[in-house]
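Read top to bottom, the protein sequences are chains L and G.
Mind the numbering: the first sequence is residues 1 to 336 in our numbering, read in order.
Mind the numbering: the second sequence is residues 1 to 326 in our numbering, read in order.
Derived by calculation from the structure, the hints in this document are not laboratory data.
We put the CB at the ideal spot given by N, CA and C, even for glycine.
The reader is advised that the hints may include incorrect statements.
[Stated by the list, open to error] As a list, the in silico EDC-like pairs of lysine to aspartate or glutamate whose alpha-carbon atoms are at most 16 Å apart: (1) 263/L / 242/G; (2) 175/G / 278/G; (3) 263/L / 224/G.
[Stated by the list, open to error] Covered stretches of chain L, as calculated for chain G (at least 3 residues, CB under 8 Å): (4) 188-198; (5) 246-259.
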Amino acid sequence: MALLEVENLRTYFYTRGGVVRAVDNVSFMLEPGETMGIVGESGSGKSVTCYSLLGLIPRPPGKIVSGSALFGGVDLLSCPKEQLRRIQGKRISMIFQDPMTSLNPYMRVSDQLVEPLLVHDKMSRSQALTKAITSLEEVGIQDAANRINLYPHQFSGGMRQRVMIAMALISRPEILVADEPTTALDVTVQAQILELIRQRQKDLGTAVIFITHDLGVVASFCNRVNVMYAGRIVESAPTDEIFARPMHPYNASLQQSIPALHKKGQALFTIPGLPPDLTIEFRGCPFASRCAHVGEICKEQDPALKQIVPGHGTSCIRFQRGEIADVRIKNFVSAV
Amino acid sequence: MSIFLELENLKTHFPVYRGAIFRRQIGSVKAVDGIDLQVSKGEILGLVGESGCGKSTLARAIVQLIPTTQGAVILEGRNLSEISRGAVRAERVNFQMIFQDPYASLNPRMTVYDTLAEAIQTRQQIDKKLLLEKVGRLMRTVGLPANQMRRYPHEFSGGQRQRIAIARALAPEPKLIIADEPVSALDVSIQSQILNLIANLCREMQLTMIFISHDISVVKYISDRIAVMYLGRLVELGPATEVVEKPLHPYTKALVSAIPIPDPQVERRRQRIILQGDPPSPMSPPTGCAFHPRCPFAIAACKAQRPELEQKESNRFAACIRIGEI
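Take these sequences, add in the hints, and give me the full structure.
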């Protein structure tokens, strides 16, 4: 049984500039204890997808137009606010990109850490404080009993992210949503934090939804990956498959444009053009105008994610019809 | 190749004060603390390091945007730290910068034409017709249609804005360009376009460039040599590919091993060195080698003496006393 089952999620923003279709028909499943990555560029809808599940979409201008998200028999998108509040921060918790803006600068770390325990578990303050100190020790903060009384600005960036992780995991959630938790950190600190999340996940059996734009982090961290583009999932597969046998041209192009995989002096592959304007309704595949394998059908038929082999799905129509066997681009002339 | 830019024991310290009435200096942040470096004409030098290691301060000290505390910046034989401020201003057309955030570095009230024309005219006053032609040519050089020169920055995307910033840096025909994290704010697909552009321009125009980034794979791709900085000092210097593939200094080793590689099979086989703790404060750096509190190979001697950047192999320099042993 899947832990979380999201179906046909559509989140639109009604702005003065028009309706932004930020998330358009997204479906996925999360199994207990697994790590699922959501990769995409800015504006691809990866964060909005997760914010929708946690009721964090500002309404208005945002609106969840359709869809369901079943978590233990409860639909997170339509359940009463009271019920959602008992799930948020208790059974599903979240860590954000920038720990400085997501920790309250006016509150001591201790007060912020015990809050979920006082609210959800109705613990006494002293009990909660003991548990909070333990949880800080578990994320590798030394001298936790004293440092718990400090304010967020007295910690370094990496340490703040550790505090965030301790806070998110203190109520032993079943799902942890991590929204680019290491993007603001240096690579050496990023390695520490990733190792920490991995370790805590193993100890607690938490399932992780990991949002990132960094394919390198995905390769080292996730079991399964969903690649998002223009508000849709265009490819979904186990991590090895995503890299070894890409089935969507966008995923393949993205991988081919990473400098780490290029030899020196070799021109980098570039994806021509820009992502589509999501306020304009269009027919067909959102990637069609930038795709090297584009055909007539791509502009006429709306694509849908279909499994080609068990566990590996793509939304590329031409791949589904067997018209292209390898979506990687060979002999490209790179644009400057 | 001739030496184009030379740094001699360059130091930039920022004083730290305390007290409002009896203001006194309580210490200083040694952002750049004794750097010797030579850059040849036409070379792209990559500068890597974690945040707070002094990369950007070094860049700003080279272009004389912040005064140097000690040492010399010598550009084509002329010591920039000695000449007057007016002379530095006149000299500044020779070195241009490209910044990280193209949303903040372009004036939102100036059209692309205004921005570029102003930059061209810092070198020489030319008449309007020629100016128009030059702006058009610059825009085409960086891959923008010349007919968009009357537009404002907000009408362009992030990648296009970075192209405008590059065009502005090229406009006065500088001798040296310093690019401070020019692709860090861009998405992967846009990043590759800008990297291609920079690589092509440098090749065609024989530009000398200092390319600053925290992303070692980007630096490896674009630069000829890499200099690794830690807490205000260089810890390693050498040809780009060799530094990344066979790092000498323990810090470079840790830095390289911390980068996630977008290939799950490589990832599974890798041995990762995970450094403990954060970089120390540059206000009170550790004694001896600044890296010793985090270094897995540190011995007692590392605490006692500060290692100098020494030649270890041909073209390869590192500041570590244990290179031969580890």
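Hint check results:
1. 263/L / 242/G: Roughly 13 Å separates the two Cα atoms, so the pair holds.
2. 175/G / 278/G: violated, 37 Å
3. 263/L / 224/G: holds, 13 Å
4. 188-198: holds (count 7)
5. 246-259: holds (count 6)
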